[in-house]
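Those protein sequence lines, which keep their order, are chains A and B.
Count along the first sequence from 1, add 132, and you get the number used in my numbering.
Count along the second sequence from 1, add 1261, and you get the number used in my numbering.
You may find that some hints are simply not true.
What the hints assert, rightly or not - Per the computed footprint, the stretches of chain A lying under chain B, defined by three or more beta-carbons under 8 Å from a beta-carbon of chain B, are: (1) 169–177; (2) 397–411.
Unchecked claim - No more than 25 Å apart at the CA atoms, straight line, and that leaves these computed lysine-lysine pairs for BS3-like: (3) B:Lys1572 - A:Lys189; (4) A:Lys318 - B:Lys1446; (5) B:Lys1398 - A:Lys227; (6) B:Lys1453 - A:Lys146; (7) B:Lys1620 - A:Lys270.
By construction, these hints were calculated from the structure, which means they are not laboratory data.
For clarity, every value in this text was computed on a predicted model and none was experimentally measured.
Ideal Cβ placement from N, Cα and C applies to all residues, glycine included.
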Amino acid sequence: MPLLKIDDKEIQVKSGATVLETAEENGIEIPHYCYHPALETVGSCRMCLVQVEGMPKLQVSCNTFVGDVHPDRKVDGKYDMVVHTQTDLVVQERKNILEFLLLNHPLDCPVCDQAGECYLQDYSFKFGNAHSRFMENKRVRSNEYLGSQIVINHNRCILCSRCVRFTQEISGTSELYVEARGYNSKVAALEEKPLDNLLAGNVADICPVGALLSTDYIHKNRIWNLKKQPSVCQDCSVGCNIDVFSQKNQIFRLSPRENHDVNGYFMCDIGRYGFHRFEEIERVTKPMIRKGDSFVSIEWEKAILDTAKALKSAKAEVSGVTSPFHTNETNFMLGLMVDGIIGNLSQINDEEITYPSGFRISNDRSPNRNGMNDVCPVNVEDFISEIDKQNIRTIYILDDGVDRDFDEVWKSILSKMDFVIVQTYRMTMLAQSANIILPGLAPFEREGTITNDRGRVQWLRPSLPINGESRADWEILMMVMKTMDKKAQVFTDLSQVIMEMCEKIPAYKDVSFFKLGEKGLSLNGATPE
Amino acid sequence: MNTFKPVLTEHINQKDCHTLQFYKSVGGYIGLEKVLKMNPENVTQEVKDSNLRGRGGAGFSTGVKWGFIPKDSSKPKYLINNADESEPGTFKDRLLMNKAPHQMLEGMIIAAYAIGCHTSFIYIRGEFYKEYKILEKTIAEAYENNILGQNILGSNYNLDVVIHRGAGAYICGEETGLIESLEGKRGWPRIKPPFPAIEGYLQSPTIVNNVETLSCIPHIINRGSNWFKSIGPEKGPGPRLFCISGCVNNPGVYEEPMGIPLKDLIYEKAGGIPDGKQLKAVFPGGSSSAILTADEAFDVKMDYEDLVEKKSMLGSAGVIVMDETVDMVQACLNIARFYAHESCGQCTPCREGTAWLVKMLTRIVNGNGTPNDIDMLLDITDNIGGLIDFSQGSFGKTICPFGEAVSWPVRSFVEKFKDEFLEYVPKEKVFA
Chain A
133 MPLLKIDDKE
143 IQVKSGATVL
153 ETAEENGIEI
163 PHYCYHPALE
173 TVGSCRMCLV
183 QVEGMPKLQV
193 SCNTFVGDVH
203 PDRKVDGKYD
213 MVVHTQTDLV
223 VQERKNILEF
233 LLLNHPLDCP
243 VCDQAGECYL
253 QDYSFKFGNA
263 HSRFMENKRV
273 RSNEYLGSQI
283 VINHNRCILC
293 SRCVRFTQEI
303 SGTSELYVEA
313 RGYNSKVAAL
323 EEKPLDNLLA
333 GNVADICPVG
343 ALLSTDYIHK
353 NRIWNLKKQP
363 SVCQDCSVGC
373 NIDVFSQKNQ
383 IFRLSPRENH
393 DVNGYFMCDI
403 GRYGFHRFEE
413 IERVTKPMIR
423 KGDSFVSIEW
433 EKAILDTAKA
443 LKSAKAEVSG
453 VTSPFHTNET
463 NFMLGLMVDG
473 IIGNLSQIND
483 EEITYPSGFR
493 ISNDRSPNRN
503 GMNDVCPVNV
513 EDFISEIDKQ
523 NIRTIYILDD
533 GVDRDFDEVW
543 KSILSKMDFV
553 IVQTYRMTML
563 AQSANIILPG
573 LAPFEREGTI
583 TNDRGRVQWL
593 RPSLPINGES
603 RADWEILMMV
613 MKTMDKKAQV
623 FTDLSQVIME
633 MCEKIPAYKD
643 VSFFKLGEKG
653 LSLNGATPE
Chain B
1262 MNTFKPVLTE
1272 HINQKDCHTL
1282 QFYKSVGGYI
1292 GLEKVLKMNP
1302 ENVTQEVKDS
1312 NLRGRGGAGF
1322 STGVKWGFIP
1332 KDSSKPKYLI
1342 NNADESEPGT
1352 FKDRLLMNKA
1362 PHQMLEGMII
1372 AAYAIGCHTS
1382 FIYIRGEFYK
1392 EYKILEKTIA
1402 EAYENNILGQ
1412 NILGSNYNLD
1422 VVIHRGAGAY
1432 ICGEETGLIE
1442 SLEGKRGWPR
1452 IKPPFPAIEG
1462 YLQSPTIVNN
1472 VETLSCIPHI
1482 INRGSNWFKS
1492 IGPEKGPGPR
1502 LFCISGCVNN
1512 PGVYEEPMGI
1522 PLKDLIYEKA
1532 GGIPDGKQLK
1542 AVFPGGSSSA
1552 ILTADEAFDV
1562 KMDYEDLVEK
1572 KSMLGSAGVI
1582 VMDETVDMVQ
1592 ACLNIARFYA
1602 HESCGQCTPC
1612 REGTAWLVKM
1622 LTRIVNGNGT
1632 PNDIDMLLDI
1642 TDNIGGLIDF
1652 SQGSFGKTIC
1662 PFGEAVSWPV
1672 RSFVEKFKDE
1682 FLEYVPKEKV
1692 FA
């Protein structure tokens, strides 16, 4: 393995690694703009220049590869390469590049959404000049829409071409290109093909400055006001890792979080803007009981008592309905509670999309079908006829929260029921048919584990506070169980549920929040590439 | 050197000199026949031995370049003839394509044979329409006479030649920009490594040679590398086409041996400066080379080493002569404007810096300059392309040499004609 020396640090590197990658991995900061690990290297921003001993020119560290050199040519008898990132020459060169980049930059940080997470701002602060020598007029252009949800502010653009390469290499759709030449260059979208693919939102994320903006977030908030919560996207069974940015009880934006076993660096727009769905729904935040054609609020104690009573009187003739939208723990608890038959609501399918880069959007738009089937499998072949056969009159449903029209089959099932308990967060069609509604948590309030379609268990963490009187879904089931059977095992927090689940479900024996961490855990042993 | 007889342009004044029949009558394609019986490695060695250096501008050894083609690669190899001649003050390749296209083609076939290439391209500047038509005819003639195509001249060597017309960008004369353009992409130079000899056109080993370079090849094969080396200085020998333009009585292309004194070129070959005016400055190698003052010009030999010593370069050998009446500030602005217009816009220093230079120079020309501007101009050119002294970190600040190509001339204007720049600065401000 080649031995690289960066400043005072000696590093063993894999042959063929670049200086920039190696520096990043070892906590040495080399500023850069055009380099992005997911994209092809172009070396055009010239920000990552470093000094390499034995080379007359400064080298772009993103395209300088470390390899074994002949023993006679090693520097100081042992180094395959010696790199300096802090010499006067390098420090001055960074100042020069930043000076060029800021010549035509509007310096409108006070109204720029990128402020606070802007590499132009940060590098200027760390490496730039305090003064400008530029006395001429700046180049001024008006903003343009590149697609229906992406706006470009040309004045802020530093032409690193990350967005252009993204559409060429990751989405494979090539809507973006650089128009004109030299000083007049600007990023543009094809007139006949605007930037409207389902990965478009990523270009705003990978833009190192405030040039590309998602219309969804323009002038909505300041980044330093927002709380950043690592979590997992729940809009399809891929389970992209995300960061949720929120303030108080409002989500402002989602952005992808790097995980090479799942989503790489990106996420799709379905998930990215999906959180808006929950902003206008009719939330259920209080337990309710049916009175004729309408519902009235009741106390939790009474709701639980009534539920327990209904379940108990039905004895074994209770069926449960699990949900691929709920966590493993909630589904597992339902399995513990219901002795009878278990069924599912119909699957909602959509288009399956795989991009040239391998990025996927699954046709199964529920986040946890795999986990649901693992921890609480359907135990009868034909749910419908089994209900008839066993003359089941009571049903406990974990509601998806998806507002769907019921098919004839479900209509007939519900019509046969004497007592319907729906645990939900929103007034769906299903909830309308309930006798008792128990208010659970909405997707961004939930905590637990979910298992994606490649068998990776991931930690879903709550990003919003609990709304109203709603309770965690596993907790509601726990309360019902305890009320039904005083001797039932009691779990006081989620990790105890997980421990129990690990014991009962062999495939999940290694699962714990600690082991899941930020990146999750594959049930298949080795992590799939 | 009075005995020097033109080599590349020997026959250009004769009737129908561009035809195959004529070229054969003066010994054309004999070299090719010889080469087709040789081992390709020996062809490369012969060219290496001749010390032929690229005529496009960089002056890299042609034989060494061919030697970079990997021997064990299973990928196809490509030869690209760079006929994008776009350096201001340079018009030698056009002449060669016009008058001696078969000489160039023979050089191409020999080069292609040496590197094991079976598809070769001529990337011709879009504006050269007449030359394009001539080359079309040349290639058709060659195919008809079994000089191109399958089993060339009875050997088992095959070669196809394709002409591709550029769309008029200066940067597409830079070899990696040219390759991108040939692939149908935007003419943005590529970052190196990998070098084209390893991964060039379609990620395959590729050699890019200039028209004049290739035109030298048949003569090296015919007369041997020692003959070639005997012309001019040994480190960079051979005949050279000098393009003389600007303030001279007889502008044009002059074929002379390498190392001819610049003074002789201007005063003997090109007939001196009209109306007995004084020489003020000369670009020795196209507008990308640092400008020489009259004193320097009188004292320089036109070879690679001597010009580098004078902190300029031979470049494309486009000699642009300026007499005493030329306003150096305006000339500098003109040059800067050209480069700002042609900058591809990929690298930060070049995209932003070239435009900044133009804005500053325009301001100075409009009488709004300040004395500080002079130092600032020098500093900006330094930041785009570096100093001309090749000390560490003082060059190579951009992906391709365009950064140097704009910095060096502008810097040399400001350094050498500082007084003229100061004259543009309003007086009250000078003493303020």
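Going down the list of hints, with the structure as the test:
no.: 1; hint: 169–177; in the structure: holds (count 5)
no.: 2; hint: 397–411; in the structure: violated (count 0)
no.: 3; hint: B:Lys1572 - A:Lys189; in the structure: 18 Å, holds
no.: 4; hint: A:Lys318 - B:Lys1446; in the structure: 16 Å, holds
no.: 5; hint: B:Lys1398 - A:Lys227; in the structure: 54 Å, violated
no.: 6; hint: B:Lys1453 - A:Lys146; in the structure: 21 Å, holds
no.: 7; hint: B:Lys1620 - A:Lys270; in the structure: 10 Å, holds
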